[in-house]
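Participant: So the protein sequences, as listed, match chains A and B.
The opening residue of the first sequence carries number 152 in this note's numbering; numbering runs sequentially from there.
The opening residue of the second sequence carries number 569 in this note's numbering; numbering runs sequentially from there.
Keep in mind that the hints are not guaranteed to be accurate.
[Unchecked claim] As a list, the in silico BS3-like pairs of lysine-lysine whose alpha-carbon atoms are at most 27 Å apart: (1) B:Lys859 - A:Lys217; (2) B:Lys879 - B:Lys859; (3) B:Lys892 - B:Lys879; (4) B:Lys711 - A:Lys198; (5) B:Lys1126 - B:Lys859; (6) B:Lys1054 - A:Lys217; (7) A:Lys160 - B:Lys859; (8) B:Lys905 - B:Lys882; (9) A:Lys160 - B:Lys882; (10) B:Lys1108 - B:Lys1126; (11) A:Lys160 - B:Lys905; (12) B:Lys606 - B:Lys711; (13) B:Lys892 - B:Lys905; (14) B:Lys1054 - B:Lys1126; (15) B:Lys882 - B:Lys901; (16) B:Lys1054 - B:Lys1130; (17) B:Lys946 - B:Lys1108; (18) B:Lys882 - B:Lys859; (19) B:Lys879 - A:Lys217; (20) B:Lys570 - B:Lys711; (21) A:Lys217 - B:Lys892; (22) B:Lys946 - B:Lys1000; (23) B:Lys1130 - B:Lys946; (24) B:Lys606 - B:Lys1000.
[To be verified] So, partial list: chain B residues that the calculated Cβ filter (under 10 Å) puts toward chain A: (25) Leu691; (26) His696; (27) Asn697; (28) Leu699; (29) Thr701; (30) Ile716; (31) Arg721; (32) His753; (33) Asp873; (34) Glu876; (35) Asn878; (36) Ala1022.
Just so you know, the hints here were simulated from the structure itself, not pulled from any lab data.
Since we're looking at a predicted model, the values are computed, not measured.
Just so you know, even glycine gets a beta-carbon here, dropped at the ideal spot from N, CA and C.
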Amino acid sequence: MTSQVDINKVTVVALVENEPGVLNRIASLFRRRAFNIDSLTVGRTHKPHISRMTIRVVAGPEYARKIATNLQKLVNVIDVRVLDNEPHVERDLALIKVRNDDANSRNTITEICDRYPARIVDIGPKVAIIEMVGTEEILEEFIDEVRPTGIVEMIRTGVVSMGRGTRIHDTNFTRRDLAKIQDELSAGGNGNVI
Amino acid sequence: MKLTGSEIIMECLLQEGVHVMFGYPGGAILPTYDAMTKYEDRLHHVLVRHEQGASHMADGYARATGEVGVCIATSGPGATNLVTGLATAMMDSSPILAITGQVPIPAIGSDAFQETDVTGVTLPITKHNYLVTDVRDLAYTMKEAFHIARTGRPGPVLVDVPKDVQLAQTEFEYPEGEIVLPGYHPPSSADESEVSAALRLIEEAERPIILAGHGIMMSGAMRELRELSERAQIPVTLTLLGKGGMPEDHPLVIGMMGMHGEASANLAIQEADLLIALGMRFDDRVTGNLKTYALNARKIHIDIDRSEINKNVKADVGIAGDLKTVLTQMLPKLKQKSHPEWIGRIRDWLEDSSERDILNYETPDRLLTAQVINDIWKQTQGEAITVTDVGQHQMLEAQYYPHQRPATLLTSGGLGTMGFGFPAAIGAKFGKPDEEVWAIVGDGGFQMTLCEMATAAQENVNVNIAIINNFFLGMVRQWQELFYEKRYEATPLFNPDFCKLADAYRIPNRRVTRREEIADAVQFARDIDGPTLIEFVVEKEEMVYPMVPAGADLHDMKRRPKPGEGL
Chain A
152 MTSQVDINKV TVVALVENEP GVLNRIASLF RRRAFNIDSL TVGRTHKPHI SRMTIRVVAG
212 PEYARKIATN LQKLVNVIDV RVLDNEPHVE RDLALIKVRN DDANSRNTIT EICDRYPARI
272 VDIGPKVAII EMVGTEEILE EFIDEVRPTG IVEMIRTGVV SMGRGTRIHD TNFTRRDLAK
332 IQDELSAGGN GNVI
Chain B
569 MKLTGSEIIM ECLLQEGVHV MFGYPGGAIL PTYDAMTKYE DRLHHVLVRH EQGASHMADG
629 YARATGEVGV CIATSGPGAT NLVTGLATAM MDSSPILAIT GQVPIPAIGS DAFQETDVTG
689 VTLPITKHNY LVTDVRDLAY TMKEAFHIAR TGRPGPVLVD VPKDVQLAQT EFEYPEGEIV
749 LPGYHPPSSA DESEVSAALR LIEEAERPII LAGHGIMMSG AMRELRELSE RAQIPVTLTL
809 LGKGGMPEDH PLVIGMMGMH GEASANLAIQ EADLLIALGM RFDDRVTGNL KTYALNARKI
869 HIDIDRSEIN KNVKADVGIA GDLKTVLTQM LPKLKQKSHP EWIGRIRDWL EDSSERDILN
929 YETPDRLLTA QVINDIWKQT QGEAITVTDV GQHQMLEAQY YPHQRPATLL TSGGLGTMGF
989 GFPAAIGAKF GKPDEEVWAI VGDGGFQMTL CEMATAAQEN VNVNIAIINN FFLGMVRQWQ
1049 ELFYEKRYEA TPLFNPDFCK LADAYRIPNR RVTRREEIAD AVQFARDIDG PTLIEFVVEK
1109 EEMVYPMVPA GADLHDMKRR PKPGEGL
């Protein structure tokens, strides 16, 4: 089975302030330093003022360090970690629309989906949508298997990663909601800004 | 008491100890200019003639004082004119705060008159920037901006303030206490293990050399550097921006390194078995070809910016920290050492260099830039703050005006910004009114920002302008001579009569064409309390040596010719 996964990929996880323009700052940094992004995902954490990014970059470990130290320089970036050197869980999600217009392809697809953590989430007379979740490697394998039946549309979320065990990548930082704090101040609040 | 956003900006500047700002008014910043009238007695506004001048003046002020320099401009073209100055400050880690007006919030994104996405444009050339969308955030943002500009590795910060935010009112209270930012923690001290690893390398070294950069002065580690060098008998070479970090007449200082550095310094780097790089970043103008750079040496690299370590040159011991703090950790455990053989070797190289000194040439019929600069040095007892532009005169200043004190050579090193010198000198004079300030500029660069002669005259700033006029873009011409078979495309200059130009601005002036006139002209300038201009008409096709061609090995220098070999 051929796999398109490049072994020279590094995974960087960053906690960032959920503020306007932060994604732009990070994208600009990658462009400016000519770091080549393979995938970048961003989403809220359990703290709404903090977002978490998983950035996959085609690069060697030397490069990963450069990326991490440059990211850390951005004022809105709270913490950065390169995950490759520690045990971690990573997941990528794909929605794949495939041809489904004869009994043969229908059987093939059902058979492939049975062997993978994949499920058919929408089905019609001509096409079906498969949802597949897994590591990047397994996704690539799965896609290679499905490809001969005829992929007509595909989207992937990009990899999200989390370190295993008790090394928690989080922050106690609570957002200074300036306008709100000013309101409290003028109402005779305690003036504790942070 | 309720204040407008504009008044809050003024109050914040006062809280941060600002007394002078450099700027240019316009529609979107008018409310702030209107507020200035109430603060005139405490906050002096210097009206420039082009916003680029304002950004360089703020930069010159910052470099001369170590304090944050402030410039101010309107939206759109006003703000984009600051861009070159911001990029210059970014490359040389100079703390400046730029305040720009922006179109009112409802108009943002509508391509309104004089609207530019200023935070977008300046994102890669500022340390950080802000668009303030609520007047209640303004005071905190200003405090944060000053904090970010001056701490860690300093740099420019821009605060973009929409017109309606300047006009809106809120209760003003300057936030008290330390700024705490979740993602901003400049490193300070080193781990004990790092300190002992560095000390071990120093102890083992037989041919060590210190590479001292701008960080020495930014961190205030001049005394610590000197102690390190003297106690372990380690010679010191300086980067262009590191000049002043250690007195240049100190016997262990062996000159500037790099493309136009002294042969002694470059050869010593290539032969050394240990580089101790302090507050410098191994710029390509310093290293030459990285593949052959200091191959015999182990490297200790100490810098406040972690991303500089292992960026260009791999460090055996890399320490992210504040230089003064880290050196203070190291010094108590540093053993006395001596390297007589190594230092003797460097002495030989130095002697060979001094034979080739341009000052040894007899040139009765023409004026050489090195002579002009060295004579200015003599006349000013080496005590002036010199602010240079970019090019041949800049490199010759570095070679022929030794600096004894920190922050007395101000120059655009990283970005190499022509037009920087003269406005930066004005800013430096505002920062250091009791010091003698000379702008040493070329005929090309001066013409990029000469409109600031009006600013100098209007403010009666005591800045002396020395134009080194060779009717060429000299450094580009030098490259054309060496690498483009003397095809002088676009480098010969048609110049105005600089003295008449100075007359037009009512600036006293002199023209010098012979060496014996230099001393008198320099004294003439020094005696006048206000701006002066001296035009030095120098040899047209001078060369700056030593020179390491771009990308060549550091030891592969074109040396100064020996007397008799011709220039």
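Participant: Should the hint that Asp873 (chain B) touches chain A count as held when the rule is a Cβ pair under 10 Å?
Facilitator: holds, 7 Å
Participant: CA of Lys160 (chain A) to CA of Lys882 (chain B), is that 27 Å or under?
Facilitator: holds, 22 Å
Participant: Verify the interface restraint on His753 (chain B): the C-beta must sit less than 10 Å from at least one C-beta of chain A.
Facilitator: holds, 9 Å
Participant: So, His696 (chain B) near chain A? Judge it on the closest CB pair being under 10 Å.
Facilitator: Hint on His696 (chain B): holds, closest Cβ of chain A at ~5 Å, below 10 Å.
Participant: Does the structure keep Lys606 (chain B) and Lys1000 (chain B) at a Cα separation of 27 Å or less?
Facilitator: Judged against 27 Å, a Cα distance of about 25 Å means the pair holds.
Participant: Is Lys1054 (chain B) close enough to Lys217 (chain A), meaning Cα to Cα at most 27 Å?
Facilitator: violated, 41 Å
Participant: Is the Cα-Cα distance between Lys1054 (chain B) and Lys1126 (chain B) 27 Å or less?
Facilitator: This hinted pair holds, its Cα atoms lying about 17 Å apart.
Participant: Would you check the hint for Lys1108 (chain B) and Lys1126 (chain B), treating anything up to 27 Å between C-alpha atoms as holding?
Facilitator: It holds: about 20 Å lies between the C-alpha atoms, which stays within 27 Å.
Participant: Quick one, are Lys905 (chain B) and Lys882 (chain B) close enough, alpha carbons at most 27 Å?
Facilitator: holds, 26 Å
Participant: Has the given pair, Lys892 (chain B) with Lys905 (chain B), been kept, meaning a C-alpha gap of at most 27 Å?
Facilitator: holds, 21 Å
Participant: Does the structure keep Lys892 (chain B) and Lys879 (chain B) at a Cα separation of 27 Å or less?
Facilitator: With Cα atoms ~22 Å apart, Lys892 (chain B) and Lys879 (chain B) stay inside 27 Å; holds.
Participant: Is the interface hint for Thr701 (chain B) satisfied, with its Cβ closer than 10 Å to some Cβ of chain A?
Facilitator: holds, 9 Å
Comparing the model with each earlier hint shows violations of hints 6, 11, 36; every other hint is respected.
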